[in-house]
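Asks: First to last, the protein sequences are chains H and U. Just so you know, the first sequence maps onto residues 5 to 243 in my numbering. Just so you know, the second sequence maps onto residues 18 to 313 in my numbering.
Because the hints were derived from the structure by calculation, they are not lab data. Some hints here could point you the wrong way.
Quick list of simulated restraints, FRET-style, between CB atoms [as the list claims (entries may be wrong)]:
id: 1; chain 1: U; residue 1: A88; chain 2: H; residue 2: H137; range: 25 to 35 Å
id: 2; chain 1: U; residue 1: L243; chain 2: H; residue 2: D22; range: 53 to 63 Å
id: 3; chain 1: H; residue 1: Q225; chain 2: U; residue 2: A193; range: 15 to 25 Å
id: 4; chain 1: U; residue 1: I141; chain 2: H; residue 2: A18; range: 43 to 53 Å
id: 5; chain 1: U; residue 1: W36; chain 2: H; residue 2: E112; range: 52 to 62 Å
If you want the footprint, here are the derived chain U segments under chain H, 3+ residues with CB under 8 Å [said to hold, decoys possible]:
id: 6; segment: 29 to 38
id: 7; segment: 185 to 191
id: 8; segment: 205 to 215
Each residue gets a CB set at the ideal place from its N, CA and C atoms; glycine is no exception.
Now for the letters of each chain:
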Amino acid sequence: MITVDNLTVRFGPATAVDGVSLHVEKGESFGLVGESGSGKSTILRTAVGLTADWTGRIEIDGLDARHTRPRDLARRVQMVFQDPYASLHPRFVIGRAIAEPMRIQGMENIDRRVGELLDMIGLNASFRYRYPHELSGGQRQRVAIARALALQPGVLLLDEPTSALDVSVQAEILNLLADLREELGLTFLIVSHNLAVISHMCDRLMVMQNAQAVETLTRDQLRARAFASDYTRKLIEAT
Amino acid sequence: MTATPAVAPDLRSARLREWRSFARRFLRNPLGVIGLLIIVALLLCALFAPWLATHNPYQTSLPDRLSAPSAAYWLGADELGRDIYSRIIYGSRLTLLIVALVVVTSAPIGLIVGVVAGNYGGWIDRIFMRVTDVFLAIPKLLLALAFVAALGPGIVNAALAITLTAWPPYARLARAETLLIRNADYVNAVRLAGASEWRIMVLHIVPMCMSSVIVRMTFDMAGIILTAAGLGFIGLGAQPPLPEWGAMISTGRKFIFDQWWIATAPGFAIFIVSLGFNLLGDALRDLLDPHLRQRR
Numbered sequence: 005m006i007t008v009d010n011l012t013v014r015f016g017p018a019t020a021v022d023g024v025s026l027h028v029e030k031g032e033s034f035g036l037v038g039e040s041g042s043g044k045s046t047i048l049r050t051a052v053g054l055t056a057d058w059t060g061r062i063e064i065d066g067l068d069a070r071h072t073r074p075r076d077l078a079r080r081v082q083m084v085f086q087d088p089y090a091s092l093h094p095r096f097v098i099g100r101a102i103a104e105p106m107r108i109q110g111m112e113n114i115d116r117r118v119g120e121l122l123d124m125i126g127l128n129a130s131f132r133y134r135y136p137h138e139l140s141g142g143q144r145q146r147v148a149i150a151r152a153l154a155l156q157p158g159v160l161l162l163d164e165p166t167s168a169l170d171v172s173v174q175a176e177i178l179n180l181l182a183d184l185r186e187e188l189g190l191t192f193l194i195v196s197h198n199l200a201v202i203s204h205m206c207d208r209l210m211v212m213q214n215a216q217a218v219e220t221l222t223r224d225q226l227r228a229r230a231f232a233s234d235y236t237r238k239l240i241e242a243t
Numbered sequence: 018m019t020a021t022p023a024v025a026p027d028l029r030s031a032r033l034r035e036w037r038s039f040a041r042r043f044l045r046n047p048l049g050v051i052g053l054l055i056i057v058a059l060l061l062c063a064l065f066a067p068w069l070a071t072h073n074p075y076q077t078s079l080p081d082r083l084s085a086p087s088a089a090y091w092l093g094a095d096e097l098g099r100d101i102y103s104r105i106i107y108g109s110r111l112t113l114l115i116v117a118l119v120v121v122t123s124a125p126i127g128l129i130v131g132v133v134a135g136n137y138g139g140w141i142d143r144i145f146m147r148v149t150d151v152f153l154a155i156p157k158l159l160l161a162l163a164f165v166a167a168l169g170p171g172i173v174n175a176a177l178a179i180t181l182t183a184w185p186p187y188a189r190l191a192r193a194e195t196l197l198i199r200n201a202d203y204v205n206a207v208r209l210a211g212a213s214e215w216r217i218m219v220l221h222i223v224p225m226c227m228s229s230v231i232v233r234m235t236f237d238m239a240g241i242i243l244t245a246a247g248l249g250f251i252g253l254g255a256q257p258p259l260p261e262w263g264a265m266i267s268t269g270r271k272f273i274f275d276q277w278w279i280a281t282a283p284g285f286a287i288f289i290v291s292l293g294f295n296l297l298g299d300a301l302r303d304l305l306d307p308h309l310r311q312r313r
């Protein structure tokens, strides 16, 4: 479903991602772990076209990310951002924010879809006409998830989806995501520095350090602490 | 937001509720309310000038020339015996006309230039901003003077001339805001949905620039009034016999030592109106400026 082959991303003189390859099967949930600055978020942002200067190959759902129009790619892959306080337009009511991707794509029955999406993320219809500042962080993140699902993509990229939230709300959002994945058959690529989140959510994970991939583990290997590298051991002991 | 807001059944009531909460916060600022009252008074003066004025503002009466304030002439009479009070009341129309003309032209021009430059970056940004710099480098009044000299004096030309000098700060402001907003996650989210850059600019970036622009506009109105009065004073703005405040001061200047009220009354009008716009601008900035406003 997602293939990243020898991806290198540069920001001017700095190399944010250095020759990383990974493959995610359809329906799988794959985690990217590493300290901040290790380049894990950059992989996500590059996959959806938010960085310009990159080499290598990215293929999502059979589409080459470099040669596909953003409009077409949008229906296959969407992203949920880290900070729910920054990812909703402050001047748009919730219903409008969720409807916007569908309006851009010229879809039909938008009004009904917005209702269904709100229902799907567990917010009642009264939220449709509220502004983001009237919502809590967890509620906002739910809205961001609904917006990402509006175009019915098969792949969801999650960039630290819970790190900006209260601990009590984190579990709610993770459970919601897990349920949605099962219900809609989604493929997840999750970035997090929180190993508990990753081991809860992911079938496999990749550890990153200084822009490079260190190793790839399955969930069972993670739980059995069967690490090949010292860095992974240190990272896990530190958290 | 302390209590959970009441459920809004539709978009209109959601907007109405936002406005109410904005009005409530605005009313907590007494100086801002005073500013608003001054502006409302100015609007009412302009609207009801024929009923508020005691004389025809163009009616000369040579026997009464230069008469002091009295029951007949509340603020005295000028060098042709015209009632100063009535002229000031009618002058509010000219003031508002100039301010409105300048604002409705300069703010959109600056907004478009700034947002396009900020969003596209690269050579478009460089060209647009260097042009803006050129306009900013010429002294305002000088540029306006040259323009009026080329086109001929008059109210509309004065407004155009002021527009020419007033738009660059809006472009700067809009560009700075755009640079911040275009990389915000909520803009990235619509970019991910395949939105065109045009749609992103018009629907997502411009609304976020509006609050800064409105604040800047309110402050600018005071400056516009002063510049317009300055042009009127040197005879390049409104032409006689129009009761423009700057031109009135200019004629009153000749008598300032013996009949001081002739220049003082319109000067006071300019002062009060500028003060009103400044107070209102201050209050709006406290409410709207994204850099002052804390995340609520």
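Asks: Hint by hint, say whether it matches the structure.
Replies: Structure-based check of all given hints:
The hinted range of 25 to 35 Å is not satisfied by A88 of chain U and H137 of chain H, whose Cβ atoms lie roughly 57 Å apart. Distance hint check: the CB atoms of L243 of chain U and D22 of chain H are about 59 Å apart, consistent with the given range 53 to 63 Å. One distance hint, 15 to 25 Å for the beta-carbon pair Q225 of chain H and A193 of chain U, is violated here, with the actual separation near 50 Å. With their beta carbons about 26 Å apart, I141 of chain U and A18 of chain H fall outside the hinted range of 43 to 53 Å.
A beta carbon spacing of about 32 Å between W36 of chain U and E112 of chain H contradicts the range 52 to 62 Å that was offered as a hint. Given as covered by chain H, the segment 29 to 38 of chain U passes the check, having 3 residues with a CB less than 8 Å from a CB of that chain where 3 are the minimum. Under a criterion of three residues with beta carbons nearer than 8 Å to beta carbons of chain H, the stated coverage of the segment 185 to 191 of chain U fails, only 0 such residues being counted. Chain H is given as covering the segment 205 to 215 of chain U, and this holds because 8 residues of the stretch bring a CB closer than 8 Å to a CB of that chain, at least three being needed.
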